[in-house]
Structure formats: structure tokens, C-alpha cells
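Colleague: Input sequences plus hints: build the corresponding full structure.
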Amino acid sequence: MDRLTRKAYELRRDIIEEVYRSKAGHIGGDLSVIDILTVLYFEVMNVNPESWKSEDRDRFLLSKGHCTDALYITLGEKGFFDKQKAIDTFSSFGSVFIGHPNTDVPGVEMNSGSLGHGLSLGVGMALAARMDGRSYRTYVVLGDGEMAEGSNYEAMMAAGHYGLDQLCATVDLNGLQISGTTGETMKSDDLGEKFKAFGWYVIEVEDGNNCKQLLAAYQEAEAKKGQPSVILAHTTKGKGVSFMENQKKWHHGVMTEEQYRKAVEEIEGVLA
Amino acid sequence: MSQISNRQVICETLLDAAKNDRDIVVVCSDSRGSASLAPFAEQYPKQFVEVGIAEQNLVSVSAGLASCNKKVFAASPASFLSTRSYEQVKVDVAYSKTNVTLIGISGGVSYGALGMTHHSCQDIAAMASLPDMRVYLPCDRFQTRKLIEALLEDDKPAYVRVSRSATEDVYEENMDFKLNCANVIKEGADAVIITCGELVPYAVKAAKELEREGYGVGVIDMYCLKPMDEKAVLDAAEKADLIVTAEEHSPYGGLGSMVAQIVSAGCPKKVVNLALPDGHIIAGTNHEIFQYYGLDDQGIKRAVIAGLSQGLVK
Numbered sequence: 443m444d445r446l447t448r449k450a451y452e453l454r455r456d457i458i459e460e461v462y463r464s465k466a467g468h469i470g471g472d473l474s475v476i477d478i479l480t481v482l483y484f485e486v487m488n489v490n491p492e493s494w495k496s497e498d499r500d501r502f503l504l505s506k507g508h509c510t511d512a513l514y515i516t517l518g519e520k521g522f523f524d525k526q527k528a529i530d531t532f533s534s535f536g537s538v539f540i541g542h543p544n545t546d547v548p549g550v551e552m553n554s555g556s557l558g559h560g561l562s563l564g565v566g567m568a569l570a571a572r573m574d575g576r577s578y579r580t581y582v583v584l585g586d587g588e589m590a591e592g593s594n595y596e597a598m599m600a601a602g603h604y605g606l607d608q609l610c611a612t613v614d615l616n617g618l619q620i621s622g623t624t625g626e627t628m629k630s631d632d633l634g635e636k637f638k639a640f641g642w643y644v645i646e647v648e649d650g651n652n653c654k655q656l657l658a659a660y661q662e663a664e665a666k667k668g669q670p671s672v673i674l675a676h677t678t679k680g681k682g683v684s685f686m687e688n689q690k691k692w693h694h695g696v697m698t699e700e701q702y703r704k705a706v707e708e709i710e711g712v713l714a
Numbered sequence: 016m017s018q019i020s021n022r023q024v025i026c027e028t029l030l031d032a033a034k035n036d037r038d039i040v041v042v043c044s045d046s047r048g049s050a051s052l053a054p055f056a057e058q059y060p061k062q063f064v065e066v067g068i069a070e071q072n073l074v075s076v077s078a079g080l081a082s083c084n085k086k087v088f089a090a091s092p093a094s095f096l097s098t099r100s101y102e103q104v105k106v107d108v109a110y111s112k113t114n115v116t117l118i119g120i121s122g123g124v125s126y127g128a129l130g131m132t133h134h135s136c137q138d139i140a141a142m143a144s145l146p147d148m149r150v151y152l153p154c155d156r157f158q159t160r161k162l163i164e165a166l167l168e169d170d171k172p173a174y175v176r177v178s179r180s181a182t183e184d185v186y187e188e189n190m191d192f193k194l195n196c197a198n199v200i201k202e203g204a205d206a207v208i209i210t211c212g213e214l215v216p217y218a219v220k221a222a223k224e225l226e227r228e229g230y231g232v233g234v235i236d237m238y239c240l241k242p243m244d245e246k247a248v249l250d251a252a253e254k255a256d257l258i259v260t261a262e263e264h265s266p267y268g269g270l271g272s273m274v275a276q277i278v279s280a281g282c283p284k285k286v287v288n289l290a291l292p293d294g295h296i297i298a299g300t301n302h303e304i305f306q307y308y309g310l311d312d313q314g315i316k317r318a319v320i321a322g323l324s325q326g327l328v329k
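Which chain is which? The protein sequence lines are B and G, in order.
The numbering used here numbers the first residue of the first sequence as 443 and each following residue consecutively.
The numbering used here numbers the first residue of the second sequence as 16 and each following residue consecutively.
No incorrect hints appear here.
Cut-off 27 Å, straight-line C-alpha distance, at most; resulting in silico cross-link-like pairs (DSS-like, lysine-lysine):
(1) Lys495/B to Lys171/G
(2) Lys495/B to Lys105/G
(3) Lys112/G to Lys495/B
(4) Lys495/B to Lys61/G
(5) Lys520/B to Lys112/G
(6) Lys61/G to Lys667/B
No wet-lab data here; the hints were simulated from the structure.
Modeller: Structure, rendered in C-alpha cells:
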């Protein structure tokens, strides 16, 4: 097993721990997005506690903010804070580790939680980089259900208009949202065509839970000049825990003790 | 009568400041003309961003720029800026405490006969209820310049509403200005009119006429709606029998509501709130509209006399 894949599975184990203890969080999406976060934070982006104050750091926005367990665990693993603190206090009274990313947590760029904001914020950050002649890149991760928010299309239009090649969006296409499949809820099967129509460079990743495929896609995106890039990552919701995979009820399901043991056993089986 | 509108003054102030500051950025939503910001776009194209008619994007793009140390001024008609992009203001500007000054142009009933879609008669209530958002309604060109200069000095969110047409001068150039301190234009022992924005000249005129008729009537320009200058309100309530508020806003959640909260808790006196109706607003110029709803000098004067002749809290 390669380093990034192993890392993603280790982080899955922590996410399961955090969600089980708190009886809160959005486990299905956490498990679909974690490979994307792993590749970005541990290979692609220049973001770490040492360079956090640097104007040249890359910018990251989790627009699908409800999958914040995955982000907190990733930032903790990266050394922004003691990961155990997030696991112990997530969603509890007075904790900074609330159910959506917020800037009281070290390593979080912007508050999020309400869907359809991240891409516009990213456009602003990418425009600022251009104004200042800086080479940092801005990465925005969105959910596929989130793509029903109209504000995304305003942002897509502006990013295409300005040819923001330092902006890279990723859509975590796990195909499910709280009411059912994204297709049933609101037709979304031609997302690539929509991005293309707004002037984006579109990269499809067949297996969005495969770190090698994701890494290749981010390298391709960085090489593309003159256009913003979007990575359409076809993921599996609940990836890594068999009884959660592709089940809408695990959008924000709470595990019983038995389910928790089974989930941990499956992840540890992969790591063994 | 000055021919220079407050929006023009904002552009002049930003042009002056941008001479020495490459981080000042203006963002517009096809509104550079109506905001009088076209000269800024021409002189500083690299510090100007056009987002098209997309107010949600206007606000979040501004917040993204501000998070990268830009001092952002986002200008769009107050009607759209304050409600269409309200959630973006709530989350990306107020909650995230980004250095964005929202310039709501053609505020209140400035658009006159264009109708309810273009009026912004709830913006004070909407913006003031957001934690960390400040709300300002300057009255004339001199105060507008001082306000923008002060806002350039800090890095906190703010909403500024200005009218479309030039307003009568209330102050002089280089007036005394202190951010978040109301301007006591005139003191009064019988009644004090507390107002803001375009209604200030009407209130001053009403107070002068009332003075000639034997009433001691003061005027406070509460251009800082939030944080409101509570001391100025309580000082007025302690000295006068009656407080009359006048605002180009819905009767709910604006200047009158806020003043009444302060007065009732700190120094109970009768408060009469003059505002636009909770209903469809009649078509006309802004002056005709003010006159119709009793927000002009004569309307304010009538309200002061009526208030003083009725039972007062002693």
C-alpha cells in the first residue's frame, strides 16, 4: 500500500472514532472526501503550521463544510493542533470543533457550513494572488449535492471570465445527498459540460477514492494555464465501511457500538 | 445646494486613498456607473473587479479578496446588496469578520418610481442584526468623506447606505468627526429629533421653525446606527420630554426601534417613531415620498407639536 492510501485509511479510523464518540457529524461524506483531503494536504498543497502566516501559502476551502470531521482530523494530523482534542470534544459544549469549519480552529482559512459560498471565496483569493503577483493556488472542495446552489454558477462564470488558472475546484461526486441520489434530487449528470461551458478545464477522476488517480489529476490541473480547473472525483459515499457504502442513511448516521466495532475492524483490516 | 452626491464623494475619497495604497480594491456588480465608481475603475483597473449582475458573488468574492489582505469596497444598489446577498454578508463578511465595506447606493426610496423591488427599507434592520456588522447612514458629502476615511483606517466589516441624489450640506468641510459618535447638531429642552441620512436636513429645518414658534427642539444626527451612540440618546432623553425619531426605513427594526430600546431601558420618555409605512410605498420622487409619509420638515414639525401636546412620561 502506498503512503497516501495508508494515510487516508489511518485518518478514516480517526474520523470513525470522532463521529462515534460525539454521535454527530456527517460520516458518509467524510469517508468519501478523505482521500481528496489526504492528497491535497500531504502531497499537493503548501499548507502547514510553519507556513500558516505566509502570504504564499496555498489556500484551502471546504465548501461542503458539513464534512468537517474529515477536515479537523486532517488538520490535526498535519500538526495544526492536537488531533485527540478534536476527537474528544467534537460538537460538545464550548468546543471550537463545531459541526462546520470555523476560523477558531487553527488551519481553517474561512468559516463555512452554508453551501455555495466556497467557490466565490476562492475566486476572490485567486484574484488577490493575481493582483499581488503571487503564485499560491486556491483549492475549493465542493459536494455534488451542493452544486444545486445557484451561487456556484455565478462563481464559475467569474472564474472562467478571468481565466483563473490558480484556482482548482474539486467536486466530491459521491452521488448521494440527504434525500437520495443527486440525480433523483436534482439532475446533475452533466456537471462537466456545465463547467466547460463556463470556460473551465475539466478533469474526470474515475476513482475519486484512489490517491494515485487524484494526485495525477492535481498535477494535470496545475500544469493547465489560462483556465481554472475542476476535478470531478467520482467517489463512494461511506468509502471503506461496507455497510455504509452508497447508503443515503449514512449521510449523517450515528453508529451503534456494534457498527462502530465493525467499521473499525474493516479499516484496520485494510491497514494490516 | 450641493451638486455632489455622497456616492461621488466615496469615489473621490477612494481615489485619494488609492494613490498610496495598492491594497484598496473596489468590487462592482455592473454598478460602477450607478455607484459613481467608474473613475476608480478607469484609474486603477488592477484594483477594480467587475463580477457582472451577480450580487451573491459580489459579496463572497469581496470576502475572499479581503481574506488575502485587501481592503475591499463592494458597491451595489442597497436593495440588492442588503437582501439578495444577505446570506453572503452574514457568513462571509460578518461571521468571518472580513475587511469588507459594503456600499449600499441609492438607498431607501432613492429610486422613487422604480417601485418596491428597488427600495431598501429594511436594510438597517437586516444589517444591524448581524453580529460584528456596523451600519452607517451619512447625511452629506463632508460627513461621507470623513466616514470613508475612518473606515479605511480599520479592518472590520461595515455597511454604508447612501442616497442617489446630492443632499443639502449639513456640515462644513473638515467638520469634527469621530467614528461611532453621533453629531449633536442642536440641543433642545422640549423635544429632540434623532435622525440620520437624507432626513437630517429636514429635521434641522423643522427644529429651526419650531424654535421660532417657541419650542426648544434639538437634532441629533445618528449616522452611526450600529454601534449606536447610546450616550447621546440618553443625554437627549434626560434633558427633553419627547424624542422623535425620523428614518427612511420600515417602522420595524430601524433607528426608531433601536432608540426606543435605549430610552425605555435607560431613561423612559415618550418616543415617537416616524418611518415609511409597513406596506406598499407610493410612487414619486424621494422628496414627494417623504412629504406624503410625513418625513419631511413639515411632517416632522407636526409630529413634534402633536407629541408635546399629548401625554408625556414625566
